[in-house]
Amino acid sequence: MTPASVPMQRPTDARLLEVDSGGQIRGMLRSSFPTLLRSGDIVVANDAATLPASIFGVHKRTGRSVEVRLAGSESVFQEEVRQFSAVVFGEGNYRTPTERRPAPPELHPGDTLQLGTLTATVLELLGHPRFVLICFEGPSERIWEGLARHGHPIQYSHIPAPLAVWDTWTPIAGLPAAFEPPSAGFALDWRTLDAIHRRGVHFATITHAAGISSTGDVELDTRLPFDEPYRITESAARSIRLALAVGGRLIAIGTTVVRALEHAVSIHRLLKETTGVATNKIGPATELRVVDAILSGTHEPGTSHHKLLSAFVDQQTLAKMDEILQHHGYRSHEFGDSVFVEKSGDRAAGMELNVFGLRHRTATEGYMLQRSF
Amino acid sequence: MPNESVEMHKRQELSPWKSIRVAVTGGTSGLGLALVRMLLDQGARVAFIARNRDRVERLMRERTDARGITGDVSQKGDTYSIAIQILGDLGGLDVLINNASSLGPVPLAPLADTNCEDFERALQTNVLGPFRLTKALLGALAASAREGRRPLVVNISSDAAISAYPNWGAYGASKAALHHLTGIWNAELASHGVQIISWDPGDMDTPLHAVAVPDADSTILRRPEDAARELVSKIADLILPVREAS
Chain A
1 MTPASVPMQR PTDARLLEVD SGGQIRGMLR SSFPTLLRSG DIVVANDAAT
51 LPASIFGVHK RTGRSVEVRL AGSESVFQEE VRQFSAVVFG EGNYRTPTER
101 RPAPPELHPG DTLQLGTLTA TVLELLGHPR FVLICFEGPS ERIWEGLARH
151 GHPIQYSHIP APLAVWDTWT PIAGLPAAFE PPSAGFALDW RTLDAIHRRG
201 VHFATITHAA GISSTGDVEL DTRLPFDEPY RITESAARSI RLALAVGGRL
251 IAIGTTVVRA LEHAVSIHRL LKETTGVATN KIGPATELRV VDAILSGTHE
301 PGTSHHKLLS AFVDQQTLAK MDEILQHHGY RSHEFGDSVF VEKSGDRAAG
351 MELNVFGLRH RTATEGYMLQ RSF
Chain B
1001 MPNESVEMHK RQELSPWKSI RVAVTGGTSG LGLALVRMLL DQGARVAFIA
1051 RNRDRVERLM RERTDARGIT GDVSQKGDTY SIAIQILGDL GGLDVLINNA
1101 SSLGPVPLAP LADTNCEDFE RALQTNVLGP FRLTKALLGA LAASAREGRR
1151 PLVVNISSDA AISAYPNWGA YGASKAALHH LTGIWNAELA SHGVQIISWD
1201 PGDMDTPLHA VAVPDADSTI LRRPEDAARE LVSKIADLIL PVREAS
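Those protein sequences? They're chains A and B, same order as listed. All residue numbers for the first sequence refer to the working numbering, where the first residue is 1 and numbers rise by one. All residue numbers for the second sequence refer to the working numbering, where the first residue is 1001 and numbers rise by one.
Because the hints were derived from the structure by calculation, they are not lab data. Note that the structure is a prediction, hence the values are computed from the model and not measured. Check each hint, because a few of them may be wrong.
[Said to hold, decoys possible] Footprint (simulated), chain A over chain B, 3 or more residues, beta carbon under 8 Å:
#1 1072-1082
#2 1141-1153
#3 1186-1194
Positions of the beta carbon are idealized from the N, C-alpha and C atoms, including for glycine.
Using the sequences plus the hints, can you model the full thing?
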C-alpha cells in the first residue's frame, strides 16, 4: 500500500474494502459506508479532538534542541492537563523518518524542558531513555494556552506539508484529548451522520485519548498502544445498551472505540458510565464482547492496529484482505482508504453465550434488559 | 466575605447555570463584557475571548472565576487555538456567543467610499469568524446535545442586518450574511440538537456605537447591562429545562 501523502480527510475517491461476517470481500467508494448499516444498528465514534501534541524546545541542562511528543495522560479531563507521558526526540523534525531521528540528550528526573512558554519537568523515565513522565508548570489555563500556541500536530514523514490542527480534527471532534487523530472518524462528515440517521441507525460517541502510533524505536514500539484514558458517558452507554438489546449491531469507528468499549465491559461486566484507562491489547485471542464491526483505516501487517482486526476475522481472511488492499493500491495511513470488517459469523455465534447479558436477540428480553439497567 | 458576595455565592451554588459552559467572543467590552459578568454572576462557567491581552488579563483579575483567552476571531489561524483553549478550559461547551463585531470602515462610509479591505475585515469578523469558530466547536456542541443538554449558538445581529441604512454598508451586509447563515445552520443542525439563533440587542451605549455614531445622545441608548440581562434570560429559556422562579 502507498501512504496517503495529502492531508485530505474525505477525498471523493476514498475507497472502502468490506469484509462481511461470511468472509466475503468487496470494494466500494467509502461514501457508500451508510449502505452497510441496518436499521437498529448503532455507530459509535471517538469524539476526542486532537491536541497539538508535538512541542519543540530546549533541554535546559544541555542546551540541546528537543521535540517532545505528548503520548499519554491519566484522564481525558482538563484537570489532568498537567502531567503527561511523552516521547522525546533530539534535533530535527517530522521530515526525518521517525526511526532515523536522533536520540534526545540523556534525560534525568528533575531535568527541565523549555517548550515555548511552557516549562516542564521530567518526573521519571518510563522504562526507556526517550520515554518519560513530564509535568508542566503553572495554572491549567496557561498550559492550554501554551499547547494551543506552541504545539503542532504530531506528524510523520509520509506527509511532506506541515499539518494544521484543523487537518487533524474529525468533523465531530469535541474535547481535546487525543495525541494523534482518531482518524477513522475522518469519514464521518455531517452529511454522513444525516444519512445514517435517515436509515434508522443510532449514533453515539465516546471520548478516547488516542495515543501515538510510532515512537521511532523498535523496542518501545512493542509497547504500543500505550495506556489510553477514555470516557463513556451515561447517555452513550444507555444508547448502546438499548440498541444491542433489540438486536442492533455495534459498529465501531476506529480501533480506539473497540479498545475502550471492550475494556469497559471487561472491567464492569456491562456497559455503563465509565472513566477508565484502556490497558488492553486486542488481538486474535480476544473475544469481542460488544463490538460487531469496525470501520478503520487500512493498516500494515505487524502494526497493533492490524493485529486488532484479527479479533474480528481469522488470519486467512485477514491475509486475503491484505492481498486485495495491496494488489488494488489502497492508500494507507491516517488520510488513506478504509476497511469495514464485520466479526465473522462463527465468532459472533460463539459469543452469544458469553456476553454478560448484553446480547439478547428478542424484543422481550431486550425489554427486560432495559429495565434491569 | 461581604454579605452581598455570600449571597451571590449561595445563589451560584444552587443555580441551574452551574454546569453550563459558555464562551463569549468580544468579551472585554460593551455587550460581551456585560454578558461575561452576568453569566458569571448566574453561576455559569465562562470563557471569554478578546484580541487585547492586557484587557483580557485585566478582566481575569477582576473576575478570577472567568477563563480569558487572547485571540482574534477574524484570523483563520487563531480559530483552533481559541477552540482548544475553550474546550480545554471548560471541558466542553454548551453555549457559544459570537459577539465580536467589526464596523468595517471607521468612520462609517457610503459603500462607494468603502475600501475593499475594510469590507473584508467586516466579513472576516462578522461572518467568517463566527462560521469558523462554530464549525470548530460543533463537535463539542453536538456532544453536549447527546448528553441531554440543549446547546445553543447565539450570533449577535443588528437591525442593520435587516434595514438598508446608508453608511452602514459593510457592517449591514456582513450582519445580513450572518443572520442568514444563522438560519441555515439552525435548519441543518436541528436534527443534531444544536440550536442557533440571531439576536439583535438594539442600539447600545458601547465603545463600538460611540465609534460608529460619535455624536449620539448616549442617554437614549440602551445600557449593555440591560441588553445582557435580556439575552441571558432568553438563553435560559432555550437551554435550561426548567426556569427557576426569580
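Against the structure, the hints come out as follows:
no., hint, result
1, 1072-1082, "holds (count 4)"
2, 1141-1153, "holds (count 5)"
3, 1186-1194, "holds (count 3)"
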